[in-house]
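Enquirer: Chain A is already provided as a structure; the job is to place chain B on it using the hints.
One letter stands for each residue in the lines below.
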Amino acid sequence: MATQVVMPKLSPTMEEGQLARWLKNEGDKVSVGEPLAEIDTDKATMEAQALTTGVLRKILVQAGATVPLGQVIAIIGEADEDISALVAKAESGEAAAANKQNIEENVEAGQDGAQRELAGVVVEGARTQATIEGAPLKNDTGGQPSTGGAQASDEKAATQTANAAATGGGDSSGNGQRAAGGRVVVSPIAARMAAEANININSITGSGPGGRIVKRDIEAAKSNASGQQQTQAAAPESRTQAEQTPSPAVEARAPQRQPTQQPSVEGASPYRDEPVSTMRATIARRLTSSTGPVPHFFLTTEIEMDRTAELRATLNTLDTENKVSINDIIIKVAAAALVQHPQVNASFQDKHIRYYERADIGVAVAIDEGLITPIVRAADKKSIGQISREVRELAGRARERKLQPDEYMGATFSVSNLGMFGIDEFTAIINPPEAAILAVGAMSAKPVVREGEVVVRQLMRVTMSCDHRIVDGATGAKFLQTFKKMLENPLLLML
Amino acid sequence: MQRDENVFLLGEEVAAYQGAYKVSKGLLEEFGEKRVIDSPITELGFAGLGVGAAMVGLRPVIEFMTFNFSILATDQIVNSAAKMLYMSGGQFKIPIVFRGPNGSAYQVSSQHSQALESWYAHFPGLKVVMPSTAADAKGLLKSAIRDDDPVIFMEQERMYGMKGEVPDDPDFTIPLGVADIKREGKDATIVARSLTVPLALKAAEELEKEGVSVEVVDPRTIRPLDIDTIIRSVQKTNRVVIVEESHAFCGVGAEISAQIMERAFDYLDAPVKRISSADAPMPYAKNLEQLALPDVAKIVAAVREVLYL
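Taken in sequence, the protein lines are chains A and B. Using my numbering, read the first sequence as starting at 1 and increasing by one per residue. Using my numbering, read the second sequence as starting at 496 and increasing by one per residue.
Since the hints were derived computationally from the structure, they do not count as laboratory data. Be aware that one or more of the hints could be misleading.
No more than 25 Å apart at the CA atoms, straight line, and that leaves these computed lysine-lysine pairs for DSS-like [said to hold, decoys possible]:
(1) B:K731 to A:K222
(2) B:K681 to A:K222
(3) A:K485 to A:K323
(4) A:K323 to A:K222
(5) B:K704 to B:K677
Okay, the calculated beta carbon distance ranges per label pair [as the list claims (entries may be wrong)]:
(6) B:P619 to A:A85: 56 to 66 Å
(7) B:D761 to A:A85: 42 to 52 Å
(8) A:A477 to B:M756: 48 to 58 Å
(9) B:M756 to A:P293: 32 to 42 Å
(10) B:E703 to A:K222: 52 to 62 Å
Every beta carbon over 10 Å from chain A, so not counted as near; a handful from chain B, in silico [claimed, not checked]:
(11) N501
(12) I566
(13) L636
(14) K637
(15) V673
(16) R678
(17) D761
(18) A765
(19) P776
(20) A787
Every residue, glycine too, gets a C-beta built ideally from N, C-alpha and C.
The shape of chain A in the complex, shown without the other chains (with noise of 0.2 Å):
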């Protein structure tokens, strides 16, 4: 039967999206999965998929013309069908208020956390579809009939809620939850298990029906906690030990255990939530309502870049097809000096402090319609020149404006650099739930007294907002100490 195809819900944020360009024509065949259009949304441009095979019958909607969530876009049926009923009603505007509203409802996505976003994007796009259609999904057996179905006004979804409801009656066994675009489906005591335990119920996958977190699910996060703790508690001991007793073979070794291989990770940075203690929450409380849900702060400092600048000039010879930025070697910088502050590598979390575990950078790009920061994922651990050829080609990305959600959502610290307009110091806006952003002015020769006597030097200013809620005034300057020390002798990236 002919199907609608709707404007889907691309971006966690988007409201409405503008058809960038149709990639079939009317009488093109399509299958599941195959590209049908570029759709702009707020943030990036993606393509919109089949998710019905058959034919492209009628195309609803121009290329340039921008259109809410849910409004049907196009019909896709078989060659010689009548589709000039659902031709009429889509041009009514019946079904898309009522789309909308299904697509929001079923994206329910978590502040935090791009995955479950996304996850929440593939499961409304199929969703929606097969909800316009009336045709049962086939995962869709428990006791509840959607909201869609029982909104969709047609017959058969009557009968599939008739059918839901037949299946629900004699048999409470699937109860009807389901994990379905981010709600996060949990029992009553493992609920209140996971609360008094702090566990954070987002971070686990539950084992029962429908991805129900149960009981014994939190009693295997807690002993998974408690095992962890024992492990992170005897570390250090051992590491005492090995400091007082180095013996020539752990000497002889010390040089390679530099990691050479350069790791490839995905997805947002693990972390661990602790929980927000009673002045830690004071100072959050009476800070916010000071100066509103971010409490800033800015710490301003100088850094003489000569070394760095020769480093970077240094590498440039070596390698010069692959040539590094000063901004390179600051994101590196600052990723290292994250790993030695992570209170700085860290976001409020209301009811939890969350450390994150890498240095997942924030790199702010401008575009011509705004700006954008693509995230270099554990930074920490990449070399400058991995770090360069990344940043380069995300950038690339981000002013074609192609970037994934999962590349520019969920950094755990930001750097934006106005170095290249001449700037010579300002101070950034946060990016929330991260804790700081560094703004990198320019770097530029001047007189300044060494030793006694004026010489010139490469100087730059960086200024760091903090959230004060987390970050207190010694503990940023910490990390700028740090940072600048690092910046001033590269060499201690070497360590």
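Expert: Same frame as chain A, but now just chain B:
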């Protein structure tokens, strides 16, 4: 009856025939025609006669050959016995017991296999008792007869042949409204009554072989319901299966489930699961009758389900 001469038994075939199931065996011989009385086949009539006798101070025990026939007498039970104390402003106590077998038997088909406890438990003014062992039957029946309120005492035909230890003490009683934990466990709770208690115990034995520890709670009286004992068990095990011989819809299991949800919601790890009789009249065919009733396999499967096994 030895203790109180006001106690008398009235019903069909209770005297000369010594009871359709021989429950009243020897009573006529011991207590005589004045206290052990055969009635005509007139349930509404002899139930009303009992209510009247109770109003003037006697303690009638009214036997229904089965509770299926009590349906004819519901006007006297529900409208008279249950309401008299209230409507007379406390002037007339109704110390009466309506007793007989309830639930399924062996191939007696749709009209003679009904479990009617939810009917009587519905009305304030009636107490409803459902023993599951010989000792419970003895202790609870004595308490029911000595109670000053009308009591519906539901036995089970399939259980008349079961044997069990019974205390010799002629004054052995079990208070109404006190549940009994028939088996202790920690992983899941089965709430069962009457015939389903031995089924639940057997299911618990089978589950124990898999390492699953099941607690079996028998409320013994439906009204008043010892919900506290059930809630304590749920707080311990977090998972509940309710097994009953009646239909699920508006049944006692539904009531217990609702109270668990109201009082122990935060302790549940799985939705409460009910095993009830099929939502259909009881079939006559033996194979279909077995399929319609709760059995050990269904209970085992339900416990595994709430344990996510």
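Enquirer: Which numbered hints does this structure break?
Expert: Structure breaks hints 4, 10, 17 and 18.
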